[in-house]
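Here is what each chain is made of, one letter per residue.
Number of protein chains: 2
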Amino acid sequence: MRPGPRLRPIGFVRSPFKAPADLPPPAFAPPRFFERAAVGEIEVFPEFAAGLEGLEGFSHIIVIFHFHKARGAKLEVVPPGQTEPRGVFATRSPHRPNPLGLSVLKLLGRDGGVLRVSGLDLIDGTPVLDIKPYTGRDRKSRIRTGWLRAKRRASR
Amino acid sequence: MRPGPRLRPIGFVRSPFKAPADLPPPAFAPPRFFERAAVGEIEVFPEFAAGLEGLEGFSHIIVIFHFHKARGAKLEVVPPGQTEPRGVFATRSPHRPNPLGLSVLKLLGRDGGVLRVSGLDLIDGTPVLDIKPYTGRDRKSRIRTGWLRAKRRASR
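Which chain is which? The protein sequence lines are E and S, in order.
Going by this note's numbering, the first sequence opens with residue 156, and the numbers climb by one from there.
Going by this note's numbering, the second sequence opens with residue 156, and the numbers climb by one from there.
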């Protein structure tokens with residue numbers, strides 16, 4: 156098998172959540188909890204800050220980050236509040252073969268290498284690997300969300 | 156600076172597009188070109204196939220892949236059809252500090268470790284690093300798309 160790329164952080168997250176336990180599992184957070192409460196910053200290292208030019212025109216960004224607190228991958232996980240195991244690729248669990256996380260955040264503003272964001276579901280100090288603009292092609296309609304939908308229905 | 160994670164492919168893409176030149180830049184593709192024409196497969200290596208269990212209930216998946224043909228990062232790029240340079244993080248260019256790509260694909264079906272997908276904008280043999288279910292939290296409304304929107308307007 157070809158080896159994959161070796162990555163390096165381009166910056167990190169400044170968040171009100173200091174530890175994984177501070178972060179409610181998204182499925183259990185009050186409605187719009189993350190959108191309302193979770194404001195923070197992404198601080199991009201000075202040597203990469205020029206790469207942010209023009210990003211401020213976008214309302215949302217995709218952040219790919221390192222699940223740096225995850226220890227060990229699993230192929231099956233039991234998501235919070237569930238009893239049945241699911242394949243890890245059918246979940247957003249941190250315990251993945253490649254510890255990559257992804258969040259779509261609202262971009263409130265940019266000041267040089269610092270992005271102010273809301274909708275933050277990341278802990279303080281999370282290493283950021285990539286930032287991309289969120290475009291119309293990332294916005295899908297008529298989606299089905301498998302076990303996640305079944306769970307939400309059942310919990311009502 | 157902390158080093159980032161070392162990644163390994165979990166599978167690869169089977170696509171009708173054999174080389175980067177076969178792929179129209181998304182901004183120039185005919186409307187719904189990718190959705191209609193670009194059907195292919197993601198073949199997950201047998202040792203990771205159990206991680207796909209339950210993914211078939213989702214209509215769309217997020218694929219994080221290695222831009223394995225990209226040689227060298229740039230902080231500013233001129234997107235196809237543009238004249239002005241943009242910060243690389245304000246684009247989906249492959250020439251990024253960490254060569255990670257992201258596509259949201261429609262999941263047509265799963266047969267063991269093989270996912271049949273449409274909306275494919277990836278070339279044959281692309282190494283896949285992670286697969287995640289696309290959920291309601293990835294679907295943002297009232298989006299603004301900065302220079303991309305300005306471009307589209309100007310080209311009409």
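Treat the hints with caution; some may be incorrect.
Which copy? The list can't say, so a pair holds if one copy fits it or any two copies do.
Lysine-lysine pairs mimicking DSBU-like chemistry, simulated, CA-CA at most 35 Å apart [what the hints assert, rightly or not]:
1) Lys173 <-> Lys224
2) Lys224 <-> Lys261
3) Lys295 <-> Lys261
4) Lys173 <-> Lys229
If you are wondering where the hints come from, they were derived from the structure by calculation, not from laboratory data.
Hint check results:
Taking the shortest Cα distances, Lys173 and Lys224 sit within 35 Å of each other inside one copy (12 Å), while across copies they are farther apart (38 Å). Both within a single protomer and between protomers do Lys224 and Lys261 lie at most 35 Å apart by alpha-carbon distance, with minima of 24 Å and 31 Å respectively. When the C-alpha separation of Lys295 and Lys261 is checked against a cutoff of 35 Å, the pair qualifies both within a copy, at 17 Å, and between copies, at 9 Å. Proximity of Lys173 and Lys229 under a CA criterion of 35 Å is satisfied in both settings, with 25 Å inside one chain copy and 33 Å between copies.
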